[in-house]
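Using the sequences and the hints, build the whole thing.
Protein chains in written order, with my numbering: chain A, 1 to 112; chain B, 1 to 114.
Honestly, I wouldn't trust all of these hints.
Said to hold, decoys possible - Computed cross-link-like contacts, BS3-like style, restricted to lysine-lysine with a CA-CA straight-line distance of at most 30 Å:
hint	chain 1	residue 1	chain 2	residue 2
1	B	Lys17	A	Lys50
2	B	Lys52	A	Lys59
3	A	Lys99	A	Lys26
4	A	Lys50	B	Lys52
5	B	Lys52	A	Lys68
6	A	Lys55	A	Lys37
7	A	Lys55	B	Lys38
8	A	Lys59	A	Lys26
9	B	Lys44	A	Lys55
Calculated directly from the structure, the hints in this document are not laboratory data.
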Amino acid sequence: QQPVQSPQAVILREGEDAVINCSSSKALYSVHWYRQKHGEAPVFLMILLKGGEQKGHDKISASFNEKKQQSSLYLTASQLSYSGTYFCGTEIGGGSNYKLTFGKGTLLTVNP
Amino acid sequence: DAMVIQNPRYQVTQFGKPVTLSCSQTLNHNVMYWYQQKSSQAPKLLFHYYDKDFNNEADTPDNFQSRRPNTSFCFLDIRSPGLGDAAMYLCATSRETGVWYEQYFGPGTRLTVT
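Following this line, the structure appears as structure tokens:
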């Protein structure tokens, strides 16, 4: 049930854009995105619900394709502070049970 | 500031010697989680509490136990640590508010088993 993230790693120059994908073989109820910097705790970025609602930070956008059971996180005009590992966490089924299964992560490196 | 606190930040224990990790929160959240995260891997859920209701993941080894004596505190007990239990242990909290719940993570306890 672990979601699959792609790519595994991406290297950008400051100002470039990136897309990180998260897909599931099961029907999803919600997708959560977190960023973890090296040696630090994961930090919440976004929640996307089946049906189209979402909640999160202003400078980050994401989409949820219910037909494909896939979510994408869009990082535009990247900054050095965007570097870190991005995890998606998914809930499957028809409702929330307040627990997530995380993907293996995407390591994003933003260079000057 | 409201936060999730984990103690200790670093713990070294010997093979087979019981160890307890602690987590406290000032957020007054009713859901608390323990995750195990090994190097370059995703956080893996071990248990979670919904209020006092304990939920154990099916693949969490019996060697791992948890206690939540009150809303603010949660403990992870490893009864007989093996070398494979060396990892970062993350505590997280969330507030049950219908469908919207973000998890707030503590800084983690890095466990070394010698």
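Verification of the supplied hints:
no., hint, verdict
1, B:Lys17 with A:Lys50, "violated (45 Å)"
2, B:Lys52 with A:Lys59, "violated (37 Å)"
3, A:Lys99 with A:Lys26, "holds (15 Å)"
4, A:Lys50 with B:Lys52, "holds (29 Å)"
5, B:Lys52 with A:Lys68, "violated (37 Å)"
6, A:Lys55 with A:Lys37, "holds (21 Å)"
7, A:Lys55 with B:Lys38, "holds (29 Å)"
8, A:Lys59 with A:Lys26, "holds (29 Å)"
9, B:Lys44 with A:Lys55, "holds (24 Å)"
Of the numbered hints given earlier, the model fails hints 1, 2, 5; all others are met.
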